[in-house]
Each structure stands twice: as C-alpha cells, then as structure tokens.
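Please arrange chain W on chain A, whose structure you already have, making use of the hints.
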Amino acid sequence: MTSPHLVFQSLVLGVLLGGLYALLAAGLTLYFGVMRVVMIAHSAFLILAAYLAWWFHDRTGIDPLLSLAVTVPLFFVAGVLMQRLLIRRLSPVTLTMMSVLLTFAIALVIEGLLGYVFSGTQRRVQLGYSGSSFEVLGARVAVVKLIAFGLAVVALLGLYLLLKRSRLGQALRATIQHRDAAALVGIDTDRVAGYGFGLGLATAAVGGTALALDSTIYPSLHWHWIGPLMAIIVVGGLGSVPGAAIAAMALGILQSLLQLEMGTTWAQTVFYVALFATLMVRPQGFFGGRLAQRF
Amino acid sequence: MASDHLLELVDIQAGYGRAAMVLRGLTVRVPPASVVCLVGPNGAGKSTVLKVASGLLRPRSGRILVDGVDVTGQTPQQMLRSGLAHVLQGHSVFREMTVAENVLLGAYSVRDRSVVAERVAAVQKLFPVVAERWDALAGLLSGGQQKQVEFARSLMVSPKVVLLDEPSMGLDPKTTSIVFEQVVRMRDAGVAVLIVEQNARRALETADIGCVLDLGRVHLSGPAPELLADRRLGEIYLGGRPVTTVPEER
Chain A
138 MTSPHLVFQS LVLGVLLGGL YALLAAGLTL YFGVMRVVMI AHSAFLILAA
188 YLAWWFHDRT GIDPLLSLAV TVPLFFVAGV LMQRLLIRRL SPVTLTMMSV
238 LLTFAIALVI EGLLGYVFSG TQRRVQLGYS GSSFEVLGAR VAVVKLIAFG
288 LAVVALLGLY LLLKRSRLGQ ALRATIQHRD AAALVGIDTD RVAGYGFGLG
338 LATAAVGGTA LALDSTIYPS LHWHWIGPLM AIIVVGGLGS VPGAAIAAMA
388 LGILQSLLQL EMGTTWAQTV FYVALFATLM VRPQGFFGGR LAQRF
Chain W
167 MASDHLLELV DIQAGYGRAA MVLRGLTVRV PPASVVCLVG PNGAGKSTVL
217 KVASGLLRPR SGRILVDGVD VTGQTPQQML RSGLAHVLQG HSVFREMTVA
267 ENVLLGAYSV RDRSVVAERV AAVQKLFPVV AERWDALAGL LSGGQQKQVE
317 FARSLMVSPK VVLLDEPSMG LDPKTTSIVF EQVVRMRDAG VAVLIVEQNA
367 RRALETADIG CVLDLGRVHL SGPAPELLAD RRLGEIYLGG RPVTTVPEER
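Those protein sequence lines, which keep their order, are chains A and W.
The opening position of the first sequence corresponds to residue 138 in the numbering used here, with each subsequent residue numbered one higher.
The opening position of the second sequence corresponds to residue 167 in the numbering used here, with each subsequent residue numbered one higher.
For reference, chain A alone in the conformation it holds in the complex (with noise of 0.2 Å):
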C-alpha cells in the first residue's frame, strides 16, 4: 500500500509537471485554433529550445534562463516565417492533412539539425541550484521543477491576458469564431494567422528552457512529447485554450499518481486510455465544438 505521503508527493509533483504540459498544449491547440494545422514539429521545437538553452548556458556559463530572451522573440519570428512562406502554400482545402506531413517533415529536420550539430550524446545542464529542494507540508520540491513551473504558469497567463485583452488578441479570437466575418471587418486574417502561429512557437520557447532546467536532452526527445500532447488538445477539445490546459494538469496529475503503481513507462498510458476514452464518449472533446471558442 503506498503511504499517504509519497501519494501527496506525487501530487505536488504532478501539479508541476502538469503545468509545462498546460503550456505546451495551449500553444498546440492554437495552431488548431487559428488555422486549422495539426503541428507535429511543435515538441521539436521545444527540444530546439532546450538545446539553445544549454548551449548558451554551457557557451557563457550564464543561467539558461536569460536565453528566453532570445529564442521567445527568435521562436515567434521564426513561427510567422514558417505561416507565410510554408504553411500558406497549402491547399486550404487538403491543409489539416497536408499541415500533419509537412510539420512532421520540419520535426525529422530538426531533429537531424540538432544531430549534426550536437551530436546524438544526452545532455543536461548543470547548474549551481540544479540539486537544491525544499520541503512543502512533508513533499519534497526541487527548485528547478518550480521555476519551470512558475515559467510556464507566467507565460500561460500572459498568453491568456493577450488573447482577452488586446487588439492582436481580438483579433485572434475573431478569426477562430469566422474567419470570414473577421476578415470583413477589417482584421487581415492571414496576417493574424502568421502571428498565432508566432504564438505558438513562443509558447515552445518557454517550454524548452523550462524542460532544459530538469531533464536530460537528446534530439529525439520530441517524439516522447508528441504524443501525450496530442492527446492532451484532443481530450481538452481541439482548439480550446483553456480546454487544453485543464486537461493537461488532469493528466499531468494522473500521469504522476499512477507512477507510484505502475511505474514511469506504464503511467504514459494514461494519455492514449484517456484519448480513446474521450473519442469514445465525447469525441468533440471536453472544451470542444462550440465551447472551443470560448475563453
């Protein structure tokens, strides 16, 4: 029977592990959103973070979270590039489709980029508080693992306050709801499409150096994250922000909850039982269809 005290540990745990996911799922689930395009190279490019983290860390010994100020403008730019001058020559008609392949072509290229540059060897960065904790009401809590958390939760309310709050936001949020209607009133849907997709990247931005702070890296990482976030848009229903984040820190919390039973490899399941149980009852997802729009 595991005790009441490695079950509140494994909470803790899961709430901070939950809110990367949260993150990295709102970016994927606005891609959706805006534009309709499944983003499979989203996780490369959070690999690509963590590796610009590390290497900066490891270039200048300076702390790798000053290299956010640096890859979020750099991930936004290069995501408004990548809406202009690939995913626009889609075929709106065939671009759900066509978006899984051509994404999934930019995540085998950087994830070969990331192999010729810096080889295949894992990486991990070690910093000064890298083995420091502290103790919350009996649950150990590393010091990494809550500035990563308090990273994505920063960024995931200043997501939040541009999409409600500002005139790119209203813009986006009109282009999801009628993409026609928006353009008729004024609003350059294409353009604002580039800057969702800009979003979206920067959201991997953040993720990546939060993930470089406590995990091991290697170039093909992006595949173990690929899926459980998949899973996550589709079980918060696709295209909803806050949809995807509530079910990323559910699952977040599960995932953590069931290691203690299952073991780490087993415990991953519960993404793909979960996104088989939602297909099943609610196939539009929990925040999906209608609600989708809602934030």
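Just so you know, the hints here were simulated from the structure itself, not pulled from any lab data.
What you are looking at is a predicted structure, and each value in this text was computed from that prediction instead of being measured.
Glycine is no exception: its CB is placed at the ideal position from the N, C-alpha and C atoms.
Watch out, some of these pointers could steer you wrong.
[To be verified] What follows is a list of derived Cβ distance ranges for each label pair:
#	chain 1	residue 1	chain 2	residue 2	range
1	A	Trp360	W	Gln244	44 to 50 Å
2	A	Thr231	W	Gln244	24 to 30 Å
3	A	Leu223	W	Ile344	57 to 63 Å
4	A	Val410	W	Ser227	54 to 60 Å
5	A	Arg226	W	Trp300	39 to 45 Å
6	W	Pro389	A	Leu223	52 to 58 Å
7	W	Ala266	A	Thr231	43 to 49 Å
8	W	Val176	A	Arg226	30 to 36 Å
9	W	Arg184	A	Asp200	52 to 58 Å
[What the hints assert, rightly or not] Far from chain W, by Cβ distances over 12 Å, these chain A residues were calculated:
#	residue
10	Pro141
11	Phe241
12	Gln314
13	Gly364
Quick look at chain W alone, frame taken from chain A:
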C-alpha cells in the same frame, strides 16, 4: 471623381478554383440611397456577386467601381476602407463574444475612439436590440437579433454600400419583416444596400431596383414594383403565382 452610382460591377467574370465560371459578364449598378435587390434561382451566382464586391473573391475579369473609383482586385480590408461592408449569409456573429465586442470589432479599422463612440450611439439608436443586449453573448441571441447585431457591426465603418447576403435565411416571417424594416431604415439613414435574396417577393417589395439573375448574368432589371408585376418573373421566380396587382411602394 463623382459618379451617378455608388457601386458599379461592370462585366464581371468570376468563379471558384478551376470550376466553371459562376458569373459570366454580370453588370449591376447601385445608385445612392437605394436598395437594389438581386433575385434568382439557386446557383445563379447571387452570393458570388457579393463576394466579388467585398473582395473575398477576386474576379477573373471586369471592373468594380466605388463612387467612380476603380477598386478591382482589392483585399477585403481595402474594400472596407473604400466603403463596402458585407454581411454574410447565415449566422456570422462572433458567437463567443458579447454583442459589445462584436459591434466594436466592426470598428476594428477605426482608430479614433470618439468616432467609434459616436457610431456605437448611432447603431444603438438604429437597432434598439443591440443596446438592450449589449453585454450578452452574441451566440445566445435569437436568429433575428443576431442578424441585427451583424447589421450594426457592418455599419460601424460608416459604409457607403452595405452588401446583404440572404438576410432572411432561417428566420420566421415575423422576424423577416423586422429585418426588412431595418433594411429600409438603413437606406433612410443614407446607406445604399445591395441585397441578395431567395425570398424574392419579400425582397422586391422592399427594394427600389430589382435585378433578376440567371446563369451568372442579369436577365432582367428595373424598378422593383414593375418587376413584381411582370408576368414572366412571377411565373419563373416567384413560385409560379403571377402577380396581378402592383403592390403599393413602401
């Protein structure tokens, strides 16, 4: 450059992708402060005319003039600035936003806040339901109310011409009457209206000028009351029931 017509579509050819042309040399003219109605059977190209006029669909050939100025090939954003507002077929409110957000998004391209405030007051006066349901989620309004929110949204740019695509679609007869009354009020407020309707009889009763569309061209056009009285039109497009009396205009 002034012109006798606010909007002119001249000899337009247009279609979708590689499919056959939908519009084949269509010409329509909208004079100031008038309601022009396009009627015709399904697939005649009625909605396509409006998509071409608002820039959603680029014509293959032909010219579009707004107030005498050539605007052919412009994007929807530019067309809006030229003074063309388009209300789409079916429901096109931003459902998960409030009525307020919808109406204010109509003024997305207007930066001057005092101008926006003035126009909000004006559309609230024109469409009382917009003021009454200001903070409600637009998707929760009835079909007729949503239509009026869409009208209000389109008027926020102070357009010269409003393009209305099947405004009565999906509405019950009573709501349809309200919507057509609003069309008349828009015209009386100084906006020209180009309207496309399946409900040909009802639309022609409201319109000043009617155009009968078939196979991508205008087959017949003239003052709406005359068209209503025209036997040919009655037999072909108004449900095979010839109109015998000219209804009183407006």
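Exercise. Honestly, which of those hints from before does the structure not fit?
Worked result: 3, 7 and 12
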